[in-house]
Amino acid sequence: MDPSRKRRIRLVVALTAAILLASALVYTSFSASSASVSPSGLLRSAGAGRTYQLTGKVVDGSIRRTGDRTDFRVRDRNGGASVAVRYTGEVPDPFRDGREVIVTVRKQGDGFVGERDSLVTKCPSKFSDKQQA
Amino acid sequence: MDVLAPLVVIALLGLVVLLVSAPLRGGRAEAEAQRQDARLADLQAAKDAKYREIREAELDYRTGHLSEADWRLIDRQLRAEAVTILRRIDELAEPDPRPAERGPQAASGRRGG
Amino acid sequence: MAQVGAGCLILALATCVYGIGASLYGAATGRGQWVASGRRSVYALFLLAAAAFAVLEVAFLRSQFEFAIVASHSSTTTPPLYRAAAAWSSQEGSLLLWLFLLGLWSSLALFLTRRRLRDVVPYAQAVLLGFGAFFAALLVFAANPFETAALAPSEGVGLNPLLRYPAMMIHPPMLYSGYTLFAVPFAFAVGALVVRRVDAEWITATRRFGLAAWFFLGVGIILGARWSYAELGWGGYWAWDPVENASLLPWLTGTAFIHSVMIQEKRGMLKVWNASLVLTTGILAVLGTFLVRSGILDSIHAFGASTLGVPFVTLIALMIVGSLYLVVSRRDALRTEHRVDSLLSREAAFLGNNVVLVGLAFVVFWGTFFPLISEAVTGQKAAVGPPWFDRYTVPLALVLVLLTGIGPVIAWRRATWANARRAFALPAAAGVVTLIALLALGVGASVTSLIMVTLCAFAIAVALQELWRGTAARRAMSGEPAPLALVSLVRRNRRRYGGYLVHVGVAVLFIGVAASSAFQHAQDTRLQVGQSTRVGPYDVRYVRATSGIDVRAGDVERIRFGTVLEVTMDGRHVTTLGPDRSYYPSQAILAFGPVGRYFEGEATSDVGLKAGPLRDIWTAVQPDTSRLQPLIDKGDRLLERTASRLTPRQRSILLAQILGGLVSRYAQDPPPAQFRFLASPLVSWIWAGGLLVFAGGLIALWPAADAARRRARAGYAARVARELGRA
Chain R
1 MDPSRKRRIR LVVALTAAIL LASALVYTSF SASSASVSPS GLLRSAGAGR TYQLTGKVVD
61 GSIRRTGDRT DFRVRDRNGG ASVAVRYTGE VPDPFRDGRE VIVTVRKQGD GFVGERDSLV
121 TKCPSKFSDK QQA
Chain E
1 MDVLAPLVVI ALLGLVVLLV SAPLRGGRAE AEAQRQDARL ADLQAAKDAK YREIREAELD
61 YRTGHLSEAD WRLIDRQLRA EAVTILRRID ELAEPDPRPA ERGPQAASGR RGG
Chain F
1 MAQVGAGCLI LALATCVYGI GASLYGAATG RGQWVASGRR SVYALFLLAA AAFAVLEVAF
61 LRSQFEFAIV ASHSSTTTPP LYRAAAAWSS QEGSLLLWLF LLGLWSSLAL FLTRRRLRDV
121 VPYAQAVLLG FGAFFAALLV FAANPFETAA LAPSEGVGLN PLLRYPAMMI HPPMLYSGYT
181 LFAVPFAFAV GALVVRRVDA EWITATRRFG LAAWFFLGVG IILGARWSYA ELGWGGYWAW
241 DPVENASLLP WLTGTAFIHS VMIQEKRGML KVWNASLVLT TGILAVLGTF LVRSGILDSI
301 HAFGASTLGV PFVTLIALMI VGSLYLVVSR RDALRTEHRV DSLLSREAAF LGNNVVLVGL
361 AFVVFWGTFF PLISEAVTGQ KAAVGPPWFD RYTVPLALVL VLLTGIGPVI AWRRATWANA
421 RRAFALPAAA GVVTLIALLA LGVGASVTSL IMVTLCAFAI AVALQELWRG TAARRAMSGE
481 PAPLALVSLV RRNRRRYGGY LVHVGVAVLF IGVAASSAFQ HAQDTRLQVG QSTRVGPYDV
541 RYVRATSGID VRAGDVERIR FGTVLEVTMD GRHVTTLGPD RSYYPSQAIL AFGPVGRYFE
601 GEATSDVGLK AGPLRDIWTA VQPDTSRLQP LIDKGDRLLE RTASRLTPRQ RSILLAQILG
661 GLVSRYAQDP PPAQFRFLAS PLVSWIWAGG LLVFAGGLIA LWPAADAARR RARAGYAARV
721 ARELGRA
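Protein chains in written order, with the working numbering: chain R, 1 to 133; chain E, 1 to 113; chain F, 1 to 727.
Read the hints as simulated data drawn from the structure, not as lab findings. Hints may contain errors.
[Said to hold, decoys possible] EDC-like cross-link-like pairs, simulated, lysine to aspartate or glutamate; straight-line CA separation at most 16 Å: (1) E:K50 x F:E265; (2) F:K266 x E:D75; (3) R:K6 x F:D341; (4) E:K50 x F:E201; (5) F:K266 x E:E58; (6) F:K266 x E:D70; (7) F:K266 x E:D48; (8) F:K266 x E:E53; (9) F:K266 x E:E56; (10) F:K266 x E:E81; (11) E:K50 x F:D199.
Treat the numbers as computed from the prediction; the structure is a model and nothing was measured.
Could you put together the complete structure from these sequences and hints?
Encoded structure:
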C-alpha cells in the first residue's frame, strides 16, 4: 500500500474515532446533567424523583441545625419565591443568611432533600460591587 | 496634595514622551546600523539553534533514538546548513575585524560540537 | 495620591494607543525608529502600571480607607502581608495586577527580541499593546481602583478570612503571570502569520515565554488545589468547578504546544497545528481571566453580575475571528513537505500526546460551558457534575501517562521492533514488577488505580533510563566521571532533562491522585468530649474543647472555638490534632447586636492535618454555637440597657468581660461538635509531584549561560566593526 493511501486511511480512522468519542461525550452530557433551576422554577415544574441543581440565596433567619442535618430555605436571587431544603452533609464555611448557594436537590413529598455534600456556597465580597456586612 | 497630584502626572507624561520619542530623535545612520544589527542577531539566533540541533541529534543517536544511518544523514545536512549560516554572518561583518570576530565564534562552535 | 494613580492609568491608556499606531506605522513604512518608539511605549506601559500598582499597594499597607477598595477589602486587623495581597482580591486591583504583569512580561520579551525578527516584532508589539489598551480602558472607564470616598470610614470590612493563607496570596499573581505570559507567544504568532514568516524562528524567540507561562499557570493551579485541601472545610483538592477548569484549559493546550513545537523545530511539520494551538491558548487565557469575574456560570468563585461582560466577550470574539482569519488566509505558507512516516515513531507519539491533551481540553471545556450550551440547545440550563468529568478525563489521563513513557524513548522517523524491544525492556519490566506489588498490597480493588500506578511506574522508569543512557553517552563523548557527566548532561540539555523531570513529577502526582481518590476513608460524625470514632485504621478521641480570643491592634480580630483530638492506631499514639473554627466580627452592629456581631461575620475552619509520606489524616470541626445564643442575647440586652450610663471605656471593658465569659463557658461545657474525618493515602505525593514538576520546569527554563556570553561577545565585535566602518 503506498504511503499516501496509508496516511489517508489513518486520517479517516482517526477522525471517525474522534467523532464517535465526541458524540458519546455530547450524548452523555445531556443525559447525565441535572437541570439548573431557581426556586420559582422548581416550584413551577419539579418532578418527583428527579434531581435538580438549585441556585438562589439563603433566606435570612431560615437556617436550623439539628445534629448533622441543616434545614434552610432558598429564595430567588431577586424575588420572593422560596423552597425549603433539608440537607445533610458538609456545610461550607461561607454558608450563612443571604449567601448565594448551589445545592443538588431531589423532590421528596412536599419538600426537597439535598444530596449529601452537594452544597456549594459562593465566596462573597470578592469582585462584587456591594459591600458584604 | 491636590495641587501636587496633577503636577506629578504632568511630570510623568513628560518622562513618557521623552522615553518614547528617543528613537525618533536619532539619525539615519542609527537606523541603518540597527537594521544591520537585527540581521546579525537573527543569524546568531539561527546559528545557536542549528548548533543545538546538531548536538541533540548526536545525543539522540548515542542514546539509541536515532539509527546510525539516519544520524549520519541528518548530521551532514545540519552541518551544511550551519556552514551556510556562518558564511552569511561573515558576509554581514566588515572585512577588517574579521579575525577578531570569527575567533570567539569558531572556538565556541568547536566547543558546541 | 489616588489622583496620581488614576492619572497613571490614563497615561497608560494613551501610551498604548500611541504605541499601537507607532508600531503599525513603522511596520507599514519600514521605518525602524517608529517601531523602536512603539517598543518603548511598552516599557512606558510597564513603568506607569507599576507606578499605579505601587500607589494602590501603599494605600493598602497604610490602610488608607479613603480609597474605596481598601475600605471594602482590608482592615486594620488584617496582618500586613495579607493587606498587601488584599490589593488583588478586588476586581479593580486584580485588573491592575493583570496590566502590570502584562507590561512586565511584554517589556522583557520585546527587550530580548529588540534586534531580531524585524518584520514580526511590530505586529507583536501592536497585539501586546492592544491587550494593554483593553485592560487600561477597563481600569479607566469601568473599574477604577482609585475611587475615593469623601468620608473615609474608620475601619475597613477586612479581607475575606478564607483568603488568609500564604498559598492564596500568591495564587492570583501566579495565574495572571501565566495568562499574561501566554499573550507573548500569541502576539508573536499573530505577527508571524501577518508577515507570513512562519518558520520556527518566532517559536524559538518566544519558546521560553510559553514555557514560563506554562510554569506559572501550573504553580497557580497547584496552589489553588493546596489551598482547597488545607484551608477549606471539605477536604478535597479539585472539584471541577468552572473557575478551576478555566485556568486548566490554557494549561492543557499550553502543554500540547510545548510538545508540538519540538516537532516543528525538528522536522518543520505541524505549522498549522502549532499556530492554531498557540492562538487557542491565548484565547483561553483571556477567557479564563474573564470567567472569574463574569457571573455567567454558577461556581463557587464566579461572582457578581459584572459590567465587564460585554467588553470581554467582544475581545474574545475578536481574537477568535482574527485567529481564524489569519490561519485560513495563510494556510499555503503553513503547508509542510514532511509527513508522519510511521505510527511507531516519536512524531506519532508527540502527535498522540497533543491529541489527548486537546481531547482533555475539549472535555473540560464542554463540561464547563454545558449550562450555556444546554440552554442554547434545549432552553433549559443544565449542569454536569464531577462524576461526568471523571468519567472522561480519567481514561484520557491514562493514555497520556502511557505516552509519557513511550515518547522519550521511541526513535524519530521510524522505530524498528528490535530497537523498541531494547528501549522498552527495562521500563516494561518495572511496570510489571509494580503491578505484581500492587496486587499483593490489595490495590486490585480499584482497577483504574491499578492501571494508573503501573503506567506511572513505567513512565518514571523510562525517565530514569533516559537519564542513565544520557549520562553514559556523555561519558563516552567526554570521559568525565559519572556524577560530573550527569551534571554537564543536564546543563547542556536543559530542555530535555528538565522535561523528563517534569514527566517524573506528573507521574508521581497522578499516583497521589489515584491513591487518594480510590482508597480514602471518610467519616462524618458528631462527637461529645471523651467520645471516640474509627476512621480507617485509626481511632480518634475527642479529648477536650478549646477557645480563645485573638486581639490585634487593640481590637478583636477573631474568636476561636476549637478541639483537641488524639489519634491512635492499635493503641499507639499517632498524632494530636487541633482543628478549630474562627469567627470574625461583622461590622453590622445594628443588625446583629454589639455582642452577636462577633459571631455573625465570616467564619473559617482551621483544618487539623497530619500529613505524611504515606497517609494524610485530615479533620475539620463545626462547633455548635447555638447553646451560646441565649447568653449572647443576654449580653446584647445588657449592653443596650447600660448604653447611656457607661463611658465608652467602661463599655468596652464590659464587652470584653462578656466575650471572655462566653468564650470560657464554651471551653468548660462544650456541646457535641460535628466532625469530618478523612484518612487518605499518598496525598503528599501530589504536592511532591508538583514540586518535581516545577523543579523540572525551572531547569528547562534556565537560560544557557554559554549562549548568552557568546551573544554578548559577538555583539560587541559587530559594534566595533560597525563603528570602524563609520569612522
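Tested hints:
no. : hint           : verdict
1   : E:K50 x F:E265 : 10 Å, holds
2   : F:K266 x E:D75 : 12 Å, holds
3   : R:K6 x F:D341  : 10 Å, holds
4   : E:K50 x F:E201 : 11 Å, holds
5   : F:K266 x E:E58 : 13 Å, holds
6   : F:K266 x E:D70 : 13 Å, holds
7   : F:K266 x E:D48 : 14 Å, holds
8   : F:K266 x E:E53 : 8 Å, holds
9   : F:K266 x E:E56 : 10 Å, holds
10  : F:K266 x E:E81 : 14 Å, holds
11  : E:K50 x F:D199 : 14 Å, holds
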